[in-house]
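Number of protein chains: 2
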Amino acid sequence: MTDPVTIPARRGKATRVAKGQTIKVINTHGEQVVDTWAFNVDDLTEFMSMEHSRAHILKVIPVVGDTMLTNRRRPILTFLEDTAGGVHDTLMAACDKHRYKFLGVEGYHDNCEDNLHAGMREIGLNAPETPSPLNLFMNIPVQPDRTISFEAPVSTPGSYVLLRAEMDLVIAFSACPQDILPINGKAGQPTEAHFVVAP
Amino acid sequence: MTDPVTIPARRGKATRVAKGQTIKVINTHGEQVVDTWAFNVDDLTEFMSMEHSRAHILKVIPVVGDTMLTNRRRPILTFLEDTAGGVHDTLMAACDKHRYKFLGVEGYHDNCEDNLHAGMREIGLNAPETPSPLNLFMNIPVQPDRTISFEAPVSTPGSYVLLRAEMDLVIAFSACPQDILPINGKAGQPTEAHFVVAP
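Line by line, the protein sequences are chains A and B.
In terms of UniProt numbering, the first sequence has 142 at position 142, counting the first letter as 1, and numbering is strictly consecutive.
In terms of UniProt numbering, the second sequence has 114 at position 114, counting the first letter as 1, and numbering is strictly consecutive.
No lab work stands behind these hints: they were computed from the structure.
We treat Cβ as the ideally placed atom computed from N, Cα and C, and that holds for glycine.
There could be a bad hint or two in this list.
Not everything, but these chain B residues come out facing chain A in the computed CB check (under 10 angstroms) [stated by the list, open to error]:
#  : residue
1  : Lys24
2  : Thr45
3  : Ser49
4  : Glu51
5  : Leu58
6  : Lys59
7  : Val60
8  : Asn126
9  : Pro133
10 : Ile140
11 : Arg146
12 : Thr147
13 : Ile148
14 : Ser149
15 : Ala187
Only chain A is shown next, with the shape it has when bound in the complex (with noise of 0.2 angstroms):
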């Protein structure tokens, strides 16, 4: 087992994972999003999808036993722990500079989309795109009215989810940095968050 790699407040993180190892994703605080994001390692032009998985699941949220697909429908990622309240999203974009535009903020504003970028290139890797991420521990109920909306997550300090890698693939984090909304929490203080790769 490898010391937990820290993804820093505000930050991205991305690391290689080799088929068949386990990705643990800690919500180190309790109420930090981690967007997520994974690539076949060998062509980044096939990458985890919500849209197949979806497809594939019949959910709009994985739970344990479900296996994610990429964009060709192949299997990337299977969900085998959740202690954190099987709260997830796979219906909201990465935040990015356009979002926080609409939001109001002036200037530049930490985003999902350029930490996803900034942590893939920190390995020397370029993603070809932003695919819509698997958002862990974000909460956005769906009414049964159709409507959505962005809430404070339900998750709790060291509650993780644990995945397992079905391809040699490289793995993206982004510790959301959204502070307008409350989906980090009603304080609106994004926090680092923790993963593990282990065998």
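Knowing the structure of chain A, use the given hints to seat chain B on it.
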């Protein structure tokens, strides 16, 4: 008012639309799903995005008055009218060769991904990727337990959606060739549909 253009059964069709023009998408025979894409005509890497639109309209299904956004969060299509019961889908990827292989089809099966690209090529354009489509008339209910399923349409013959172009764009359609799941009606018989572009 121009004559209706046919989207042939199991096939794709695309056309250029100027900002401010309207597009009426007609479910001619009542049970046909029409996968719909829109691209910025001046830069095809900017296109209508389900994940960015959901974050803006705060619904999983757009209703009259809602404006869909591009992957750069700019307005691209607005719902002006909907006589089709308000049931559409933003959750599911376009069907593709991998999907039909998974469903047990041997050999080639028409699919919405190929239809998108064929329709674009027919007017001299190349779609840079296959964005997650706006699946008009497609019935994917979301249950309180977060499960989803492929159901028959609730639309009726001649029902339609009227959209307004918010930028100069290319709109592409696929009359979905799905004949295994009941998504185009329980009879599993994909049909043609039609559209009309008006000033």
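Against which earlier hints does the structure fall short, listed by number upward? 1, 8, 15
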